[in-house]
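Visitor: With the hints as constraints, model all of the structure from the sequences given.
Taken in sequence, the protein lines are chains V and U.
Quick note on full-length UniProt numbering: the first sequence kicks off at 1 and runs consecutively.
Quick note on full-length UniProt numbering: the second sequence kicks off at 1 and runs consecutively.
I should point out that these hints are in silico values taken from the structure, not numbers from a laboratory.
Errors might be hidden in some of the hints.
[To be verified] To list a few chain U residues with every Cβ distance to chain V over 10 Å, as calculated:
1) V61
2) S175
3) P313
[What the hints assert, rightly or not] Straight-line distance between alpha carbons at most 25 Å, and here's what the computed SDA-like set of lysine to any residue pairs gives:
4) K184/V <-> D28/U
5) K184/V <-> E344/U
6) K331/V <-> G149/V
7) K331/U <-> E344/U
8) K184/V <-> S129/U
9) K184/U <-> D28/V
For every residue, glycine included, the Cβ atom is placed at its ideal position computed from N, Cα and C.
Protein chains: 2
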Amino acid sequence: MTSRTLHLNAFLMGVGHHEAAWRHPRVDPARALDAAHYVELGRIAERGRLDSVFFADGLAVGPHVHRNTQAVFEPITLLTAIAAATTHVGLIATASTSYNEPYTLARAFASLDRISNGRAGWNIVTSGSDAEAANFGLDRVPAHAARYGRATEFLDVALALWDSWEPDAILQDASSGVFADPAKVHRADHVGQHFRVAGPLNVPASPQGRPVLVQAGSSESGKAFAAQYAEAVFTAQRTLAEGQAFYADLKGRLAGYGRRPEDLAVLPGIVPFIAPTTAQARALEQEFTDLISPDYALRQLSGMLGVDLTDHPLDAPLPPVPPIDAIEGNKSRYQLVRDLAEGESLTVRELIARLGGGRGHRTFAGTPVEVADEIQRWFEQGAADGFNVMPPYLPGGLEVFVETVVPILQDRGLFRREYDGTTLREHLGLRPHVNRYAVEEAERAAG
Amino acid sequence: MTSRTLHLNAFLMGVGHHEAAWRHPRVDPARALDAAHYVELGRIAERGRLDSVFFADGLAVGPHVHRNTQAVFEPITLLTAIAAATTHVGLIATASTSYNEPYTLARAFASLDRISNGRAGWNIVTSGSDAEAANFGLDRVPAHAARYGRATEFLDVALALWDSWEPDAILQDASSGVFADPAKVHRADHVGQHFRVAGPLNVPASPQGRPVLVQAGSSESGKAFAAQYAEAVFTAQRTLAEGQAFYADLKGRLAGYGRRPEDLAVLPGIVPFIAPTTAQARALEQEFTDLISPDYALRQLSGMLGVDLTDHPLDAPLPPVPPIDAIEGNKSRYQLVRDLAEGESLTVRELIARLGGGRGHRTFAGTPVEVADEIQRWFEQGAADGFNVMPPYLPGGLEVFVETVVPILQDRGLFRREYDGTTLREHLGLRPHVNRYAVEEAERAAG
Ligand SMILES: Cc1cc2nc3c(=O)[nH]c(=O)nc-3n(C[C@H](O)[C@H](O)[C@H](O)COP(=O)(O)O)c2cc1C
Ligand SMILES: Cc1cc2nc3c(=O)[nH]c(=O)nc-3n(C[C@H](O)[C@H](O)[C@H](O)COP(=O)(O)O)c2cc1C
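Guide: Here you go:
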């Protein structure tokens with residue numbers, strides 16, 4: 001194995017990422033509602049020695065609820081069920097800094113992290129939709145900058161809480177009756193603009209110290225936030241050149257926060273349609289495209305672009321869309337979709353087909369070798385540290401990836417054959433987490 | 001089996017309810033920190049055909065953190081891990097209405113409820129300590145009445161959200177592309193004093209419709225709240241007469257909310273020390289009493305009574321305590337402890353010994369037959385619909401209950417030999433939940 005190894009995360013969504021997956025004969029749509037389905041996906045990912053599985057999340061029903069399967073499980077609970085059925089695979093849950101309290105959320109993640117023996121990760125999101133805001137007493141989504149402001153303070157509190165218990169705080173000396181060393185259990189005493197939190201957290205540190213921090217915002221504020229905190233970044237990049245530019249940009253920002261390039265893994269998304277021949281893979285993709293419901297897709301697209309397209313003719317180009325400054329939701333996805341439509345002069349129908357697989361993520365149809373080649377190319381040419389694998393249909397699309405693409409990557413020495421650690425932090429090749437108070441003590445002891 | 005059957009819930013706490021359990025040789029204190037321990041307890045409870053297992057919770061570390069094992073897992077995640085390893089036993093998690101948002105919490109419970117196929121219950125608490133308040137931006141705990149006011153509105157929102165999806169809303173018709181019937185997915189559109197929540201919830205209804213509601217407040221507001229919402233009530237009652245009075249009081253309030261006596265199960269706590277002879281059981285209890293650390297116990301007692309006892313002499317009676325109106329935390333526990341100390345003229349040392357087993361809950365040392373007799377007596381004499389079984393040490397104290405007391409109750413026809421349903425609602429003998437919109441439709445259809 002080369003010293004730099006690939007990281008693979010399975011992004012699991014219902015019965016697949018393709019928006020029409022649930023209508024395809026390879027899929028049993030009822031499984032989207034069944035926790036056992038997701039537990040099985042966790043087992044498949046672990047069989048493939050993947051770094052982690054990941055669930056996205058939103059705090060409202062999706063648009064046009066009656067036309068597509070909905071995410072029905074809250075990710076932290078669902079991953080806890082997967083934790084109980086697996087031993088190694090990392091478990092990344094999405095949760096919002098805009099509509100949670102840091103004490104409660106830090107605790108839920110710490111609990112998952114201990115239950116899984118150090119496999120938890122948190123995909124930090126700020127929740128960009130009005131529908132979510134309306135479930136939390138607001139008329140519309142708070143401004144982008146305000147959300148990132150709260151997110152930053154939220155992280156500072158969560159990090160302090162996760163450090164409240166030094167790793168060697170617990171003594172459990174039954175004879176003397178001393179459970180913990182009080183000098184190693186710390187309050188947070190955070191007083192800030194959004195939060196006042198005393199601490200300590202009521203969960204001691206997990207085997208990996210604290211959950212791995214993951215992020216997926218690609219706007220300026222998103223990238224700054226990622227450079228400061230994230231240990232893995234999910235991103236939608238359509239071409240190698242764009243991927244390289246994003247990768248260089250993000251890695252270049254790390255030094256500004258005293259971090260090294262290898263402290264953060266960049267994981268672009270890929271939606272792989274895999275078949276024994278290229279033609280078969282393309283035909284498979286086409287089958288899914290043909291099942292798209294235009295009215296559902298238009299609703300999705302309207303949300304991404306901030307303009308009502310539901311009555312727009314399918315065979316016309318996009319109408320004028322608002323300027324990026326008017327977008328308070330997902331700025332980077334807006335930009336990607338707008339650039340795609342304009343750059344390739346697509347009609348709305350064509351655009352919908354291109355977005356159907358992964359809502360803007362790169363779709364790739366090919367043989368197992370072609371998929372492996374593409375992954376290797378991005379990995380070796382400075383566009384990726386690995387991939388966020390987004391199977392278009394599930395479980396089949398994950399199974400075929402694990403059974404046909406992973407062995408090729410293993411044979412090429414790019415990917416592990418066995419886990420060499422047990423925590424997500426170890427899988428990602430990150431440095432061990434060092435508790436802030438242990439550092440202080442070491443410094444005091446040194447002089 | 002008689003038509004009225006006993007309900008048994010296992011209240012699981014660390015390595016046991018006795019505050020010195022972790023120091024006793026029957027106990028391995030490290031297990032308190034290990035999720036596998038709790039999963040094993042869930043399996044033992046299921047082997048005993050118990051209705052449910054239950055975790056208490058608080059949103060801060062306990063007082064005197066270094067002198068006792070701490071609860072280290074968040075209950076909803078921990079119960080999800082247990083859900084994955086069991087098939088029937090009910091799963092009751094404590095969560096606070098004071099420091100959560102209804103959308104988020106309703107969703108987490110709905111997720112646990114679906115993952116467990118309809119076994120979730122929620123022990124609704126309002127969080128009575130200053131330590132908790134300080135983790136959520138407050139200087140001290142909000143007033144008792146204000147907490148119950150928020151709790152009431154919280155419940156109204158949660159109940160509306162759990163009804164958002166009618167049970168038959170999901171069609172999943174892949175050929176037409178229709179996932180759900182939009183007429184059967186409802187918004188909540190709640191606008192109240194504490195919350196504005198649009199809905200619908202993004203989790204469809206579980207097999208039991210919604211989680212079972214459990215409550216454990218015994219003050220006037222607590223009992224009114226329980227009478228309105230709760231389907232099971234945990235309570236600390238020290239004598240049969242007190243138990244009968246509480247039982248009659250609570251059941252008598254139900255009609256005021258249009259409910260029947262059997263819509264709510266009253267479950268007093270019992271901390272059983274079980275051994276082959278009465279003398280051995282008493283000796284076992286004494287072993288635990290002898291391991292109490294007075295300084296830890298005084299800290300606990302100070303919290304319950306709202307007065308600093310940490311320097312008070314152990315062999316003196318209690319000093320004067322504040323009047324009940326000054327207690328903003330747990331009023332009913334305050335009253336129980338004060339009445340116990342005054343009624344029996346106990347010294348502080350004696351009081352601590354009496355409280356060590358279950359913090360005020362009834363402790364009972366006896367043979368399996370004596371424990372079964374006591375349970376039957378309360379059950380048949382109008383003091384209980386079952387018990388909240390609080391093993392003084394774990395797992396041993398639960399094992400001996402399941403292996404020696406449960407068979408006696410089964411032989412007497414008081415307790416199930418096999419589960420006859422799969423949901424917690426069924427175990428508790430509650431009526432099926434009827435979705436509010438289904439009622440409306442039925443009424444419209446009827447004319
Ligand atoms: C792979 C991927 C997964 C994402 N998952 C979620 C999610 O689960 N929930 C969410 O609210 N946003 C999610 N996002 C959106 C981002 O977190 C972020 O909010 C979005 O990119 C807007 O941020 P920006 O304005 O900084 O671009 C995801 C983005 C990517 C690329
Ligand atoms: C068996 C039992 C378990 C309880 N569990 C919790 C708990 O986990 N968390 C909590 O904050 N309060 C808990 N309580 C306290 C009650 O929920 C309630 O807050 C307390 O009795 C004060 O309410 P009151 O003022 O109405 O008496 C418990 C009480 C009992 C009897």
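Visitor: K184/V and E344/U: Cα distance at most 25 Å?
Guide: At roughly 41 Å apart (the allowed maximum being 25 Å), E344/U and K184/V break the hint.
Visitor: For K184/U and D28/V, compute the direct alpha-carbon distance and say whether it is at most 25 Å.
Guide: holds, 22 Å
Visitor: Does K184/V pair with D28/U here, judged by a C-alpha cut-off of 25 Å?
Guide: Between K184/V and D28/U the Cα gap is close to 22 Å, so the pair holds against 25 Å.
Visitor: Examine each Cβ of chain V, and state whether all of them lie more than 10 Å from the Cβ of V61/U.
Guide: It is violated; V61/U is separated from chain V by about 5 Å at its closest Cβ, not greater than 10 Å.
Visitor: So S175/U supposedly isn't at the interface. Is its beta-carbon more than 10 Å from every beta-carbon in chain V?
Guide: Nearest chain V Cβ is 7 Å from S175/U, so the label is violated.
Visitor: Has the given pair, K184/V with S129/U, been kept, meaning a C-alpha gap of at most 25 Å?
Guide: holds, 23 Å
Visitor: When you check the alpha-carbon spacing of K331/U and E344/U, does it fall within 25 Å?
Guide: Given pair K331/U, E344/U holds - Cα atoms ~20 Å apart, limit 25 Å.
Visitor: Is it the case that P313/U keeps its Cβ farther than 10 Å from each residue Cβ in chain V?
Guide: It holds; P313/U is separated from chain V by about 20 Å at its closest Cβ, greater than 10 Å.
Visitor: Sort out whether G149/V lies within 25 Å of K331/V, counting only the CA atoms.
Guide: Distance ~16 Å between K331/V and G149/V Cα, so the pair holds.
Consistency with the previously given hints fails for numbers 1, 2, 5, ordered from lowest to highest.
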